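Chemist: Residue strings, one per chain:
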Amino acid sequence: MDPRDDTVIDVRHVCTRFGAQVVHADVSLTVRRGEIFALAGASGCGKSTLLRELILLERPASGSICVLGHDLAGMGEEEARPLRRSWGVMFERGALFSSLTVAENVALPIREHEHLGERLVDELAAVKIALAGLPPAAGPKYPAELSGGMRKRAALARAMALDPELLFLDEPTAGLDPLSATGFDELVRSLRDNLGLTLVVITHDLDLLWRVADRVAFMADGHILGVGTMKELSTSDHPVLSQYFHGPRGRSAWDQAWKAR
Amino acid sequence: MRAPDPLGREGAPRVALDGGVARFSGCWTIGRVGGVERELARLEWPRDRPLILDASRVTALDTAGAWLLESTRRALARSRHEVSVAGLRPDHEALVAMIRARVADRAESVRARSKGALARVGELAARSIRQLLGILGFVGESAFAATAVLRHPRRLRWRPVLHNIESAGFRALPITGLLSFLMGVVIAYQGATQLERYGANIFVADLVGLAMLRELSPLLTAIIVAGRSGSAYAAQIGTMKVTEEIDALRTVGIAPFDLLVLPKLIALTIALPLLVVYADALAVMGGMMMAKTSLGVGYADFLDRFEHAIDLPDYLVGIGKAPVFAAIIAVVGCYQGFQVSGDAESVGRQTTVSVVQSIFLVIVADAAFSVAFSYLGI
Chain Y
7 MDPRDDTVID VRHVCTRFGA QVVHADVSLT VRRGEIFALA GASGCGKSTL
57 LRELILLERP ASGSICVLGH DLAGMGEEEA RPLRRSWGVM FERGALFSSL
107 TVAENVALPI REHEHLGERL VDELAAVKIA LAGLPPAAGP KYPAELSGGM
157 RKRAALARAM ALDPELLFLD EPTAGLDPLS ATGFDELVRS LRDNLGLTLV
207 VITHDLDLLW RVADRVAFMA DGHILGVGTM KELSTSDHPV LSQYFHGPRG
257 RSAWDQAWKA R
Chain R
13 MRAPDPLGRE GAPRVALDGG VARFSGCWTI GRVGGVEREL ARLEWPRDRP
63 LILDASRVTA LDTAGAWLLE STRRALARSR HEVSVAGLRP DHEALVAMIR
113 ARVADRAESV RARSKGALAR VGELAARSIR QLLGILGFVG ESAFAATAVL
163 RHPRRLRWRP VLHNIESAGF RALPITGLLS FLMGVVIAYQ GATQLERYGA
213 NIFVADLVGL AMLRELSPLL TAIIVAGRSG SAYAAQIGTM KVTEEIDALR
263 TVGIAPFDLL VLPKLIALTI ALPLLVVYAD ALAVMGGMMM AKTSLGVGYA
313 DFLDRFEHAI DLPDYLVGIG KAPVFAAIIA VVGCYQGFQV SGDAESVGRQ
363 TTVSVVQSIF LVIVADAAFS VAFSYLGI
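Read top to bottom, the protein sequences are chains Y and R.
Just so we're aligned: 102 in our numbering is position 96 of the first sequence, and the numbers increase by one with no gaps anywhere.
Just so we're aligned: 77 in our numbering is position 65 of the second sequence, and the numbers increase by one with no gaps anywhere.
Extracted from the complex, chain R is given alone in its bound form (with noise of 0.2 Å):
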């Protein structure tokens, strides 16, 4: 009956208007109806006498078929045209019947309206104060959670935190120290011709020093981790959150924010200084490498120089940051990961937000600092 007709175009839907009985014939199915339904809206109506849509000849007919069959009806019903369907046998009748009953007046269109530029503005900068002020707002919980622990420690849970520390730092050692060395070969050789002028080659140690000790380190330290790590959180909370695993967590007791965010916040503001150190060791390798092979100068003289040129505050400065950095890291990665709801795409784009948001934070804190340090002479 719904079997493909063998006979291919013969089958086609037709649809003929005839005085006041538009005939139907062919296959009404959905692979075929394709060019009929802009034939049927051409169909000039004539409005002197009542219509019948004789459906004798039809051969097949699926829902699709039947729907065109009773919106056209429907249409010219409500043009105040008297309209009736003649000849449907007996199965697409009761078809036609099932649509005709279950399908409300208009299936109109159900599209999600699109909503106009202004409001999208609107909406936007809603949206961009909801997330400043949750971002706020889950600060002042992360602060309070972690006073918490510090005055009762033995209810902090090591294990997360150590295993955290390890995927998060030990595990980031390679990508890091990597980046760093080519980073330190890098500002060298773009120093290297420009000292050279001067005949200054031995101030590539200050150069290396100063750039990659005080700002590019923690930088390039925090950007890798953010990539890493902070979007490895917004995942995973966010995953555990469409499982309902965090419902599933408070309802044997824990408090997810025990469990998932301190861990995580006290780990990475131990291990992120720690990479910060490791980076800084590499970066000036590197930059030594380079000296030597572009500028000519020496091991020796090199570290000789960089004995001179660099301040413990220098080397300090740099470290300092790095927890800061670890904090903003950790609380936009979890904060993020809380954020997701319901669907699996929310999954992938909270994980985008963490990133960029946390990268965008760490350089404007990178930002904040310089401009106090220079304040306070540092």
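Bound conformation, chain Y alone (with noise of 0.2 Å):
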């Protein structure tokens, strides 16, 4: 496939299995470039399984995922090397390093692979930074000294340290106030007109499907039930569907609240 193809990512019928459990019984998708990508589901439903398949932490029991134009399947660490390199990752709960400070934890990507001089590996370090919308005084703290908003706008800004062409952010405003959650998605949005990054947004938040998403997944019991922008899917007649969108908010918030812990 070219990779200046439209289609960034490509799932096809891919299976998982725990053991007995089956966590995606078929599941196919595609992700465009330029976009923003959400999955939404309820707790458990394999979302954050699907994502780890995605970014190489896991690997399906069939079915072949497509990312950049690769074919993940069989693809040894030398080969993934240069596919790690052009995608940044975000985690649920930040996964800063606690060890380093928040301008060493971006630089970090940015030394391991790049070859540039350490006064410009220091100051992109602190452009990243900025452009998570973290003040200046952030970059020498360590992660256990920051609030969790701040956390996970670090995580963000060591994503975006190599300036990959994708971004995956897992759950990027779970926990956060109703304040902290806009600036994200404003952030997210600005990022992606800006950067012309592709995202692919793990999420519960109706908000930030709302604002944010150009497409939706919808995943259910291992199946993707329905793909489509959130008018389109808020629309569907699917039982599963419209209890999510149009039942009272208490599952939403029950979920916010219990991942907020």
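Negatives, chain R to chain Y, calculated, CB over 10 Å:
#, residue
1, 91
2, 127
3, 159
4, 182
5, 210
6, 321
Output of the computed footprint for chain Y on chain R, the stretches with three or more beta carbons under 8 Å from beta carbons of chain Y:
#, region
7, 35–48
8, 96–107
9, 347–357
Read the hints as simulated data drawn from the structure, not as lab findings.
As the structure is a prediction and not an experimental result, all values here were calculated from the model.
Idealized CB from N, CA, C, for every residue including glycine.
Two chains, each in its own frame: build the complex with the hints.
Modeler: So, in structure tokens, the structure goes:
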């Protein structure tokens, strides 16, 4: 596949099992270049597992996954290295390295993959920290000294360190107060608009889905129930979908509270 | 747009200064800008005319390239050049504009500043003093909690006490036994060559008995237990602190001290003397075996001499030290566990510190005992 093709991620007939438990029965979806693609669904429906398969942390039992024109099946570590370099991942709980400062966290992938002068690396780390919406004073702090919202932004800064063309965000707004979450929405959109990123976002956050996502895939019980814009999904008459989108917000709120724990 | 350039070196970023116009060309992306930053720094900008940074031939730009462009512009503006950027493609323009708007005027080095030697010495001293005071405070707190439990024995949690006796005492039996046995062998072996020279073979019983029972057994056992259990205490409490379990205990009305510290303290004070008794026995066995093989002193002769050589006080002195060592290990281990702050690395650091400190304090205490006993003539 030509890397300039419009399709960035192509997932076909993926099945995943953990022992007897079937996580994905038959999942297929495509993500196009430059869009913000959201994966929604209840907790435990297999969203995070799919994400882990997309970023080569886990392998599906069957089916094929193509990311940026590379087939992930049977890919060795050596081949995966340039691919890993071209995407950034922001984990749900940040996964910042606790023994490094925020600036060192951001600089780590740059130092690992590029041969740049010390000064430039430091400056680039500062640029990413600023782009993620953190004050410069956050740079020399350790992750333990940051609030939850700041930690998310620091994780985003690290995910963007190598100017990836593809960015994966796992629950970017979970555990944030509404104001920070709104700020994060805008941040995500401005990154896409200005850097031309493709974003894959896993979220429960209905606001994020409505305000930011171009297309949404809704997962339940290992299947994709629907893919489309939020408008299309919310007018779907599938019982699960309409319950999710039209039911009382209790469910979403409950999930939020549980995640925020 | 930002895909890797198939032409390879053709797209390398370049900057050429021509009069007042710096022409930027090629791929200004993070993977490519490695050499060009130095090139940029070497340029000699003319002072006598307005400068133009012409980016019209830039084929690809990401935040790294945009930052280089923008930081060059800023540096020139700071040194009072008249400077403008021209020819950016609209999408590049938007990127540069975002960086201009978001990144504060000087994205200076954001690394934590390193401190001078004097400041570090001072900090180390202050930290050591704080540590000492902290341990003293913790000892006081332990004593306070212990007396409170003595007054209301029903408040003591027996289950964790028994569990700790099992894990710190019973499970330590194999390693303690083996090492003590070997220690007895080594002592007897070292003594053998000297004693043989004077024909004083039988005194190997005195040597092994006094050295092991009075000094080495308690010390060896304490060091093993500090390594096995003291570190485990620090790691357990430290991890619980990181995961906020300690706070959770407080909120459900359980004093972490009662649940986490006191049972360990009591359990270890019971288990360590018992371990020392066991270690004594095995050390003497090791000595006996060595006496027989290398000195020709039979088991019966050895035990006969042993009875005369070792008085009850010698034995009790060794065992009597054990509860003190146990208290030191438990208190230091738990204290260092509570000193953990925030991150995973801190758990490891405090665990190491707990082992080093408890072994250090055990040996200091042992020396103090020796001095005290020699004054008392025991």
